[in-house]
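S.K.: Use the sequences and the hints to build the structure in full.
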Amino acid sequence: MALGTIAEEGKGPRVVFEEDELEDEFIIEARCTDNILFGIAATVGGFVVFLQSLPIILNNWVYLTEPRPINKTSIEGEQFEAVFHYNVGYLQICRQFLPDRPPNDMFNYSMETISTAERESQCYLNPLITRVELGDDFSLASVAVSARLGFSTMFHLVGAMICAIALILATIGHLRHTMHTILAAVCYICGCIILSTAVLMFVCIVDDELSPRMKANSSGEPSKFSFRYGYPFWSSVASILPVQVCACFQAFLYFRRYPTVVEKLKFVPGLEKKLRNAQLDKELGIPPMEIHKRGSLASYMPFPSFSMAMASGRPSPTRSSQMSLRNNSVVFVQEM
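So in the working numbering, the last spot in the sequence shown is 557, and the numbers never skip.
Do not rely on the hints blindly, as some may be mistaken.
Said to hold, decoys possible - Across the chosen pairs, the derived CB separations fall in these ranges:
hint, residue 1, residue 2, range
1, Gln317, Arg478, 48 to 58 angstroms
2, Val424, Phe301, 27 to 37 angstroms
3, Gln343, Gly371, 15 to 25 angstroms
These are computed hints drawn from the structure, not numbers from a lab. Owing to the predicted nature of the structure, the values given are computational and were not obtained by experimental measurement. Just so it is clear, CB atoms sit at the ideal spot from N, CA and C, and this is done for glycine as well.
M.R.: See the structure below:
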């Protein structure tokens with residue numbers, strides 16, 4: 222029994238060591254290949270399209286409260302007001318009366334003061350779609366906000382469509398190894414800018430309509446107007462940062478196909494000429510005619526050194542002609 226126990230105890234460290242080796246091998250093999258990076262980018266892109274598309278059909282972009290006069294007066298003859306709750310979205314506006322919410326819970330509203338029709342929830346399409354005015358009997362601020370959402374809705378639709386097109390282009394570029402990958406990155410950026418504009422316009426409209434109404438009245442009583450943003454608004458805002466991540470992924474996947482400077486010459490216009498001029502200026506000690514930023518691609522020289530060509534006794538005819546032209550230009554400048 223003792224020998225068996227010792228043998229079983231001796232297997233423990235060996236099993237742990239083998240598990241560590243398997244984990245190390247898994248980590249080494251799980252490198253960031255193009256397929257893995259594209260899978261991550263496609264997942265994030267699909268999540269972005271979902272976050273941007275779903276808020277378009279929802280009607281709770283912003284929750285508003287508005288006071289409305291009811292059929293009840295005080296002893297002094299002043300008319301009482303009840304607070305109604307509104308949900309405003311791109312396509313629809315809804316109204317409901319919640320007697321249990323403050324400040325409605327402080328009063329006992331009977332059927333005479335608020336009718337059954339007004340107590341029930343009512344939803345209407347945006348007046349921009351139906352071309353029918355709801356009127357002041359339904360709402361004041363909410364209808365005003367809904368009627369000004371035309372440009373914001375259009376911008377949101379265009380931005381979401383461009384991001385969806387970017388996801389399709391990214392898939393085509395990955396499967397065919399074409400320039401659709403870099404076009405997807407550009408589309409992601411454009412869609413993000415347009416969507417951000419739509420969200421900013423929505424914020425400006427709500428603030429412009431509600432801020433004056435939320436001020437206290439002349440007697441110092443607080444206003445019954447209020448608002449807060451709903452989940453569709455925060456969903457659109459939350460999609461802005463993942464869009465930038467998708468654009469970075471697509472740009473990285475595209476430039477990863479050209480790891481060396483020589484391969485980058487295929488798609489960067491004028492890069493080969495700059496590299497040759499920079500190499501010649503470096504070998505002859507002549508100040509460059511064009512300014513190259515430090516750390517740019519022009520600092521890498523994939524071409525054979527001019528000094529090595531001179532040492533071998535077989536200078537390139539192209540190099541010799543460029544050197545003679547540069548020397549003549551230098552002499553001309555000195556004579557002047």
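S.K.: Next step is simple, just say for each hint if it's right about the structure.
M.R.: Cross-check of the supplied hints:
For Gln317 and Arg478, the hinted distance range of 48 to 58 angstroms is satisfied, since their beta carbons lie about 56 angstroms from each other. Look at Val424 against Phe301: about 33 angstroms separates their beta carbons, and that is inside 27 to 37 angstroms. Against the hinted window of 15 to 25 angstroms, the Cβ-Cβ separation of Gln343 and Gly371 comes to about 22 angstroms, which satisfies the hint.
Violated hints: none; the structure is consistent with every hint.
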